[in-house]
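Number of protein chains: 8
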Amino acid sequence: MTGDAELDHDRRRRTGVPEVVLGQGKTPGQTLALLAALRRGDPSGPALATRCPEAVLAAAPGAFPGETVTVDVLGRTVVVGALPAPRGDTVVLTAGTADVPVARECATTLAVLGVAAEVIPDVGVAGLHRLLGRLERLREAHAVVVVAGMDGALPSVVAGLVAAPVIGVPTSVGYGVAAGGLAAAASMLATCAPGLVVVNVDNGFGAAVHAAKIEGLAADG
Amino acid sequence: MTGDAELDHDRRRRTGVPEVVLGQGKTPGQTLALLAALRRGDPSGPALATRCPEAVLAAAPGAFPGETVTVDVLGRTVVVGALPAPRGDTVVLTAGTADVPVARECATTLAVLGVAAEVIPDVGVAGLHRLLGRLERLREAHAVVVVAGMDGALPSVVAGLVAAPVIGVPTSVGYGVAAGGLAAAASMLATCAPGLVVVNVDNGFGAAVHAAKIEGLAADG
Amino acid sequence: MTGDAELDHDRRRRTGVPEVVLGQGKTPGQTLALLAALRRGDPSGPALATRCPEAVLAAAPGAFPGETVTVDVLGRTVVVGALPAPRGDTVVLTAGTADVPVARECATTLAVLGVAAEVIPDVGVAGLHRLLGRLERLREAHAVVVVAGMDGALPSVVAGLVAAPVIGVPTSVGYGVAAGGLAAAASMLATCAPGLVVVNVDNGFGAAVHAAKIEGLAADG
Amino acid sequence: MTGDAELDHDRRRRTGVPEVVLGQGKTPGQTLALLAALRRGDPSGPALATRCPEAVLAAAPGAFPGETVTVDVLGRTVVVGALPAPRGDTVVLTAGTADVPVARECATTLAVLGVAAEVIPDVGVAGLHRLLGRLERLREAHAVVVVAGMDGALPSVVAGLVAAPVIGVPTSVGYGVAAGGLAAAASMLATCAPGLVVVNVDNGFGAAVHAAKIEGLAADG
Amino acid sequence: MTGDAELDHDRRRRTGVPEVVLGQGKTPGQTLALLAALRRGDPSGPALATRCPEAVLAAAPGAFPGETVTVDVLGRTVVVGALPAPRGDTVVLTAGTADVPVARECATTLAVLGVAAEVIPDVGVAGLHRLLGRLERLREAHAVVVVAGMDGALPSVVAGLVAAPVIGVPTSVGYGVAAGGLAAAASMLATCAPGLVVVNVDNGFGAAVHAAKIEGLAADG
Amino acid sequence: MTGDAELDHDRRRRTGVPEVVLGQGKTPGQTLALLAALRRGDPSGPALATRCPEAVLAAAPGAFPGETVTVDVLGRTVVVGALPAPRGDTVVLTAGTADVPVARECATTLAVLGVAAEVIPDVGVAGLHRLLGRLERLREAHAVVVVAGMDGALPSVVAGLVAAPVIGVPTSVGYGVAAGGLAAAASMLATCAPGLVVVNVDNGFGAAVHAAKIEGLAADG
Amino acid sequence: MTGDAELDHDRRRRTGVPEVVLGQGKTPGQTLALLAALRRGDPSGPALATRCPEAVLAAAPGAFPGETVTVDVLGRTVVVGALPAPRGDTVVLTAGTADVPVARECATTLAVLGVAAEVIPDVGVAGLHRLLGRLERLREAHAVVVVAGMDGALPSVVAGLVAAPVIGVPTSVGYGVAAGGLAAAASMLATCAPGLVVVNVDNGFGAAVHAAKIEGLAADG
Amino acid sequence: MTGDAELDHDRRRRTGVPEVVLGQGKTPGQTLALLAALRRGDPSGPALATRCPEAVLAAAPGAFPGETVTVDVLGRTVVVGALPAPRGDTVVLTAGTADVPVARECATTLAVLGVAAEVIPDVGVAGLHRLLGRLERLREAHAVVVVAGMDGALPSVVAGLVAAPVIGVPTSVGYGVAAGGLAAAASMLATCAPGLVVVNVDNGFGAAVHAAKIEGLAADG
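Chains as they are written, first to last, in UniProt numbering: chain A, 1 to 221; chain B, 1 to 221; chain C, 1 to 221; chain D, 1 to 221; chain E, 1 to 221; chain F, 1 to 221; chain G, 1 to 221; chain H, 1 to 221.
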């Protein structure tokens, strides 16, 4: 069932990050089989699948007997195997409540990669005091991931306030000109705040991988 | 020389705002002739030309003998005739120094329409304290125009902080995905801050007209 | 159930407009819980939810015992609590019948904010006499909201006819190049009529908030 | 010098319209040589070049000794040979003064094709009375060409008022979201007024050819 | 049930074309009620509804007792009342089989407007002999409507072959860069064939109205 | 049932490739009837339908009694008739597992056209060793088709490594800025690797036809 | 002066095509130095620079003493060294006269790669007989490159008429929706003619490399 | 002369990065005055201006008597004051020679921020061995910035090969669909390589700031 996939078991050694299953565009059977193969191929850490359809989320708990299986329905992730002990300190902010699923994908990926992550939801710029009240906490973090749809303004504001590297994640939350997340992505790329970097729309996973690489340097530097 | 134009001398009575000459897309001769015709047709207030090319800005002071002529090279405006006494209180913010020409077009238009306007430049979100330090002043204003290119984030932040109506003016300041101002315009339209309204890119004139209508209601209400 | 949301009870004091629940992108349970929390947190006025999915519209009447609950299925709004006494005079026009749901969202929001609103539907430019026949009524209004999809031409025509501030709301009504409402939005932003301002596609709520701020100035001016 | 062009002398017989030289993208020498070749190849009517650069406009009067040469600097056209007697009645409207060059290209092409054309400039929707005052004249015409940039709203309004076929010509007049004319083109294609047809941005020539075919049917019908 | 619609019974007198119901964006009940109101308001000709959802197509035959009701499931139209006697000669071509529904909408509208229309399907440019074999027939027509998705090339080819006015209708047939029909629309607007005019994607109705106006001139000329 | 289609039985003689049924946009009945008609019209080779909906894939095996019918559910193809003996050597690579359906459509088409095709899946640039390990195999091929969504980077890398002609097929695999496949298509067209050519998004069929024409020249050259 | 470039002298062995200098984006000095280095590094064939600015075209003849230097001002190419003996038979068509520069870049590249190329200009679809009159010649060719701007329709027509592989080259010739060549590129990618492949806008070079690879297979196959 | 700018002298303390002058959109006089003000306001490090027009590059050496002034004409930067001692190890790759100016802006910014940076130019994917030959060097770096225009493929390839954080910088190098750099930006955002982050087109400065923050964590971690 993994016949059309060529697993990259060497990826962890090469890039510091193990291969992960992207559930979107695969059949539930393919996703579960690839999860099992990843788990067998690299038992040094848990196996992760992201963007899982409902069928995978429902079947996963029963599909890996004897394993710790953690399913996050909101974030659409499945983790097979125990999480490593966390280190570091990455904060994941969201502009709105509807951005939380992307933040959860990000936080779960960070946990799989051994990074301590805290999610602070719903601190968008329409009520700036919510953000300013967290400034002290934000300034302690090693890295800050900012998840925002609609206007995509929050990452630029955060990047002007903290010294840590800031990673913007545009989301597809919104309608009209905001539908699909391209307006938020463009606003983040066009930022007036130096040093803000951006990943694809709804790509909480990618932001987590980048943050984990930064945390690795902070720990080992 | 005004053969291809049909002046709308009735516009002030109908919409509260006199016709104005858009210098862009016209020859310098056409613009100057239309300014003269507007001035003759409606002597109750000054005549305004916006987006004037250099040739118009240079020729205007000598072209209206016996008239008060005010030229703003940065804002690219020409005003023929004395300004009315100002009333009201509109603040025009800019995110960066490069946005100032659009703010000047806005402020000149407000002055022509009899509104008191103050320009506060360079208070973009990369250094939020610059904005927060002006909050008291902003909260006094009847209307706030926020001029911003690049990420277009500033109007959303302002709209979350004040009770006055806020008008966002995206500008073509920026490069890459920000070139042309569409990213800023989209971010403003997609705002998470209720009540922010938007005009065309670089359209300081249009924002001023809307603000002046609001000031009219505030004065006469 | 409000764990991923941070309510902004201070918003009414700060911006003149209370926080509102955007039903889109939230679970029905989240929306109802947030409505209840808003109602509890600020009993000085009704609580509003917009863009509610069918499940919320159906459950709302039974979810707030002892409260006045008003559901508008076409406009997809839920209001919990009695409406304030209306003041002011805002007219909401639509170009076509299919634009009416957006106009209803706008009118309900105005009512929640204490503004008297009249909806005049189906006066698009394909039959201009329908608009011209209402000119006298339009010229009485303090503010005019014009809701239009397809070509988005109506707001420009209206803005050339009245002295009141005009707010254009593009809608996603239409197909082909009009699908999604971006053609209408671009036409409105590109208007030749001075002072027209624009909000996001289908954002009747945002137009209402801006109009209510204008009405506030007119009343208190 | 016509080595890279293959003239289509049969086009008039086949489509009712002779081949024409598009000056854009050709060297001045190529354009003048092609004009001469067209004139020689089909002496039954004048030869036309459109979108001519300055060098062609300047050189044309001296380049065809013994011929009637008509140059329109504003419309950027050159006609070699006498115009045929006009028949029919096509009106060409423009929304603004800056749209006049496109209307002139249209009117010159109509004249070359033997159609009587009247240009009525500057009747855009910001001052609707200018259009309504011409309604009687418009209702006499066989065909109406409406040239408009910016919001592109005028053709939809006209198409709702007259029984004649209406052809919209979007122009590149405008800035910001209107730059390049795509907003106007989209608004015209998305029209709510049945029967409006559209040509490329700034394509006064194409609109004229279509109108001339209609006039041919009206005359010969 | 027609409360949100303002019928334009004067449209036939003013523009030569009666008002028509666009079924898309309306409830089935609204569409049927509007059809009935149109039929009552202007009994001089049949009433037409386009883009009808399945529910309207199914209910229509039983909804107008004593009337001739014609339903075209493929073209998604409903006609209430007898068709007028046809005059003129308009040909409607399609590039492919999947474009036929749009051609049917066009042909039905022509029939309602009293124009004789022939649909010739599936003569796209991938097999040019299919078109060339119909050239004699095409050259007899007063007007030619060409319906094409994907590359949108067929209208340009036809416009180079016939003297009649040619109207291009882009369709949403296709995938990838062709999805939605914008590539076909752009290709038609950018045509190298003089005189081709274009309507919105899938707008067979609009093309028919324009063709009918041309036929009216040809008949009455 | 083939009334709206005009089969092009001459296409194989004219272009070397028989007509094929595109199942998308047709009813299942139309697709099956056209397959039967193609099979009857040109018995010299099998008949192919691509992009078949589920109903066609399910009905096909029983619809052609006495024929060899081959259905590929993943690639959504139906072949009626025996395949010709293969010649040549084309390799079809995919960047990811989710790109395999497009590669299958390509390989099936090649088989129908008599070309030997090998599919090598999941060798995308995130794990470059997977590609480099196949370099020897790739360098034997006459033509290489590279199927990739998301970043669309793989075809450029392959085109820099092999002497055979390389054809890039962008796919709609991906989300955010990659949704719909336009980002992948643009990246392939913008390639820095000389000689890479591109087909429409998900168009495995078109790539196969081009490769088969190349194989024909290689065999017959 | 080649310090910022790393020449790829191995490219001819690896991909069958030597490295070439893209003059655009480089200083004239860089381009000439790289040409000299390429010529020295691989004396087995001529060195080619494409998209050369005027300064390079003017300086090239004097910059390589003792060498055969061929400059094509229209096609903007410089060739240093004698051309190889040609083999094969590739035809390069253009839709219009303004597309010829791109065809010349293509033909020069083919000559450098040892392929016999014939350019046939100005056979666009507005006058189809010009193409049909060349059909016999086209059917002899091994490969056909079709260069077209504006509607981009010609490659689809050609691909339906010949058995040889067809490569479409969109050009930036045109205005309005055609400006920049994206409309032509989209039309070609969306083609209804099986097997048409596409390169970047104005990329005559890339089409030539692909055609040369095909010719290599035809010769060696 | 700094009247329209409000310098943010606190930025270095707040975000770890001092304010910098963006020369684009400012007059030469403004840029030089702001540089002087920055230098005075924060003498703890050098002052930097990016995207300087020629006039600033020419005037800068004479404008700061007694100061070390470093001008990079290719990278368009001016540095006033001595550089700090470098620490860390960031590598800046470019895909092509034309991408070098952006890499120089990046390297100069890193130097100003006290980071050791090495630029390795012209290792694009069309000749992959150039990259693979540097793999050992790349794997030593703390952070890798990859600057690429056209297809934007190089950052995805690099991100699959190294464990360090990788930052992609799209450039405006290219033509046709690559013009402006949006194709490269989209390809990078759509990457299949986990953890790649992206900045605006041509934004070497922003990538440097992010890399410097990472280096700070690596040094202090």
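Note that these hints are calculated values from the structure, not bench results.
Warning: the hint list may mix true and false statements.
Stated by the list, open to error - Here are the in silico distance ranges between beta carbons for each label pair: (1) D:H129 / G:A58: 40 to 48 angstroms; (2) E:P53 / C:E118: 26 to 34 angstroms; (3) G:P84 / F:G62: 57 to 65 angstroms; (4) B:R87 / A:V73: 53 to 61 angstroms; (5) B:L132 / C:L83: 29 to 37 angstroms; (6) D:T68 / G:P84: 25 to 33 angstroms; (7) F:L132 / G:P84: 29 to 37 angstroms.
These figures come from a predicted structure and were not determined experimentally.
Positions of the beta carbon are idealized from the N, C-alpha and C atoms, including for glycine.
Hints, verified against the model:
Distance hint check for H129 (chain D) and A58 (chain G): the Cβ-Cβ separation is about 59 angstroms, which falls outside the suggested range of 40 to 48 angstroms. Taking 26 to 34 angstroms as the suggested C-beta distance range, the pair P53 (chain E) and E118 (chain C) conforms, at roughly 31 angstroms. One distance hint, 57 to 65 angstroms for the beta-carbon pair P84 (chain G) and G62 (chain F), holds here, with the actual separation near 59 angstroms. Distance hint check: the CB atoms of R87 (chain B) and V73 (chain A) are about 58 angstroms apart, consistent with the given range 53 to 61 angstroms.
Distance hint for L132 (chain B) and L83 (chain C): a CB-CB separation of about 35 angstroms, consistent with the stated range 29 to 37 angstroms. Distance hint check: the CB atoms of T68 (chain D) and P84 (chain G) are about 54 angstroms apart, inconsistent with the given range 25 to 33 angstroms. Our hint of 29 to 37 angstroms for L132 (chain F) and P84 (chain G) holds, since their Cβ atoms are close to 32 angstroms apart.
Going down the numbered hints, you'll see the structure goes against 1, 6, while the others check out.
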